[in-house]
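K.L.:
Residue-level listing of the chains:
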Amino acid sequence: MLTLCIDTAYKYLTCALLKDEHIVSSYCAECFKRQSEEVFAALGKVFDDASIDPRSIDAICVSQGPGSYTGVRIAMTIAKVIGETLPCEVYTISTLRLYAGGRSNCMVVMDARADRVYCGVYDGDDVIMEDRAIPISEVDAKDYEIIGDGTLLGKENNYGNIAEDFLNTRSYWEKADPIHLLTPKYLKESESYYR
Amino acid sequence: MIELMKPEDLDQVMEIENSSFANPWSRMYFLNEISNSELSEIYVDIVDGEVVSYGDLWYMFENCDLTKIAVKESLRHKGYGRKMLKHLIATARRKGCEFMHLEVNINNKEALDLYEKNSFETVRTRKRYYENGDDAYDMIRGLIEASEPRKVLAIESSCDETACAIIDEDLDVLSSVVTSQIDVHARFGGVIPEVASRMHVEQISTIVKQAIDQAKISLDDIDAIAYTIGPGLIGSLHVGAIAAKSLAFFYKKPLIGVHHLKGHIFINDLIKPLTYPMMALVVSGGHTNLVFIEDDQTFRIIGTTLDDAIGEAYDKVARVMKEAYPGGPVIDRLAKEGKAHYQLPTPKVEGLDFSFSGLKNAVQQLVKKEEAAGNEIDKNDLAYAFQEVALNMLVKKTKLALEQYPCKSLVLAGGVAANSRLRQLMSENFCDMDLILPPLKYCTDNALMIACAALHYLKADKYVDFDAPSRPSMSIED
Numbered sequence: 104m105l106t107l108c109i110d111t112a113y114k115y116l117t118c119a120l121l122k123d124e125h126i127v128s129s130y131c132a133e134c135f136k137r138q139s140e141e142v143f144a145a146l147g148k149v150f151d152d153a154s155i156d157p158r159s160i161d162a163i164c165v166s167q168g169p170g171s172y173t174g175v176r177i178a179m180t181i182a183k184v185i186g187e188t189l190p191c192e193v194y195t196i197s198t199l200r201l202y203a204g205g206r207s208n209c210m211v212v213m214d215a216r217a218d219r220v221y222c223g224v225y226d227g228d229d230v231i232m233e234d235r236a237i238p239i240s241e242v243d244a245k246d247y248e249i250i251g252d253g254t255l256l257g258k259e260n261n262y263g264n265i266a267e268d269f270l271n272t273r274s275y276w277e278k279a280d281p282i283h284l285l286t287p288k289y290l291k292e293s294e295s296y297y298r
Numbered sequence: 062m063i064e065l066m067k068p069e070d071l072d073q074v075m076e077i078e079n080s081s082f083a084n085p086w087s088r089m090y091f092l093n094e095i096s097n098s099e100l101s102e103i104y105v106d107i108v109d110g111e112v113v114s115y116g117d118l119w120y121m122f123e124n125c126d127l128t129k130i131a132v133k134e135s136l137r138h139k140g141y142g143r144k145m146l147k148h149l150i151a152t153a154r155r156k157g158c159e160f161m162h163l164e165v166n167i168n169n170k171e172a173l174d175l176y177e178k179n180s181f182e183t184v185r186t187r188k189r190y191y192e193n194g195d196d197a198y199d200m201i202r203g204l205i206e207a208s209e210p211r212k213v214l215a216i217e218s219s220c221d222e223t224a225c226a227i228i229d230e231d232l233d234v235l236s237s238v239v240t241s242q243i244d245v246h247a248r249f250g251g252v253i254p255e256v257a258s259r260m261h262v263e264q265i266s267t268i269v270k271q272a273i274d275q276a277k278i279s280l281d282d283i284d285a286i287a288y289t290i291g292p293g294l295i296g297s298l299h300v301g302a303i304a305a306k307s308l309a310f311f312y313k314k315p316l317i318g319v320h321h322l323k324g325h326i327f328i329n330d331l332i333k334p335l336t337y338p339m340m341a342l343v344v345s346g347g348h349t350n351l352v353f354i355e356d357d358q359t360f361r362i363i364g365t366t367l368d369d370a371i372g373e374a375y376d377k378v379a380r381v382m383k384e385a386y387p388g389g390p391v392i393d394r395l396a397k398e399g400k401a402h403y404q405l406p407t408p409k410v411e412g413l414d415f416s417f418s419g420l421k422n423a424v425q426q427l428v429k430k431e432e433a434a435g436n437e438i439d440k441n442d443l444a445y446a447f448q449e450v451a452l453n454m455l456v457k458k459t460k461l462a463l464e465q466y467p468c469k470s471l472v473l474a475g476g477v478a479a480n481s482r483l484r485q486l487m488s489e490n491f492c493d494m495d496l497i498l499p500p501l502k503y504c505t506d507n508a509l510m511i512a513c514a515a516l517h518y519l520k521a522d523k524y525v526d527f528d529a530p531s532r533p534s535m536s537i538e539d
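Taken in sequence, the protein lines are chains G and X. Numbering-wise, the working numbering comes out as the position in the first sequence, counting from 1, plus 103. Numbering-wise, the working numbering comes out as the position in the second sequence, counting from 1, plus 61.
Derived from the structure by calculation, the hints contain no laboratory data. Fair warning: there could be bad hints in the mix.
[What the hints assert, rightly or not] Cross-link-like lysine-lysine pairs, in silico, DSS-like; alpha carbons within 30 Å at most: (1) X/K314 with G/K136; (2) G/K278 with X/K502; (3) G/K136 with X/K270; (4) X/K460 with X/K430; (5) G/K136 with X/K523.
Note that the coordinates shown come from a computational prediction; the quantities given were computed from them, not determined experimentally.
Just chain G, same shape as in the assembly (with noise of 0.2 Å):
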């Protein structure tokens, strides 16, 4: 099966041709904030690099959120529209689960702005909290493995290698359907944005 993998919902632009369990070919830059004016600039290039035709993808894999609202809709705009005309299967995973990458004793911080933090913890197949946006100062690091923005936590950040964590993910992606009801994960309702 080949697989697109496409994760805009924070600081870097990643893009990933898998074909089964080997990467074929992945891009993977830092890019806060510039994700949709790059994102078809990488996925031509591992399209080329791999010497794939796009229409040949058999599916397409983004991260869900939580995230930068606009970054989490970028990718996931792209796999929905292609997702429904091509069309071809689409997978998610949660942005926290993703850069856990599989590892064991695993937390996952990423800053959401005024002094909060969207935070998950997984050890492999276990969820040892479930992905939410919390203050800061309640967040308890013990000592997990800190991945992401580490600096908010005294600690250093470390963002891994997003292209592996899909293909060491893959047991984790879940599979839309219907396609067209696919939302993002924002941890945030809209609700909340009416006084």
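Once you've looked at the hints, dock chain X against the given chain G.
P.N.:
Chain X alone, transformed into the frame defined by chain G:
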């Protein structure tokens, strides 16, 4: 709008028929053609509720006979004949016909010219074909070998409508799908950008899929993908841009980034052939502009609002009156029941520019004053007073603009073009020129307008790259 003739069009069609042909068809004949015969179709072009032209096709296996085209006498030489002919050719081609045949009086130079320009060739002469002894030419054109008209798929998502449409160069509308978020935003009294963006993502794939399915074509048959590049809400624009670029990338199609307001202007291509130079009064929730359009590629803003857009002013005044969002339709409705009672000052602005914030404040103060005095506000009269001042300012500035920039035609565009009083004022004040009022269904945002404008970009080979950023405050002059 060109559509199949209905029985209620018969009176108008008969009028044109009787004044156009020496041996006109009878009413019965027309009724028979439109009600019984599966092998024939009559199309009528309706502009401002009036039949301006019609044409009749007979289908005979691979051949299609164009039996007649007629244009209302007072409206000839305005391009309606050409518009109808192009529509009939496109229709016959879509039905799978290979040839189109017609007979024309050899003395009818205008008709001959029109047919020759549209690739018809004379194959023989029929001597004394007509009752008066005139000869006729048999003319034929192929429908297959002629290059297919190019098709554009367009996506609109600049504010709170998610839409997709497909049109071809002959202005044949293959599909147009729109979904509006207005009910959701009405709950808060305005569009919340983040919520709008979210709803676009929810709707986008369904809308695109529906447009393709309804057009009964494959994306391979599309020649370009267009989208609204600006102006609009940045988050909303992004979704449409990414959707359009996804299709362009996967299907290897050129990309066209359309200015939203050009869409509001060029949707009028569907109504009648536009003539230049043209003046556009663009009025919506985000814009109040007088645009001088030298030709279809050259736009100049000669007047604009110094503060609020007119639609914004309507929304704010509706809020002061504790009425629902959007304010335009509400105030329009209330004003119909209102009378001259309250006095509101006419904003004084130099030149061709507009201002609405002072007027809005005046409404606010008037309401406060009346409430303080214990008087109940007559909403109808207040709506009337506001609307008369606001709309007459538009008319006055448009007149001034036309004095400074003489134009062949004047077009009203944008959401506020749906306002009934504005349409009435425009008709009264500009009856001496070619005035184009878009049908109500085209006043709100849709993708067909983006598709219509995209055809002008296609003609001029104006494309954008995949890295083109969306432009929330783009000028129409760019």
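K.L.:
Each hint: holds or not?
P.N.:
Structure-based check of each hint:
1. X/K314 with G/K136: holds (26 Å)
2. G/K278 with X/K502: violated (39 Å)
3. G/K136 with X/K270: Satisfied, since the Cα-Cα distance of roughly 29 Å is no more than 30 Å.
4. X/K460 with X/K430: violated (35 Å)
5. G/K136 with X/K523: Given pair G/K136, X/K523 holds - Cα atoms ~27 Å apart, limit 30 Å.
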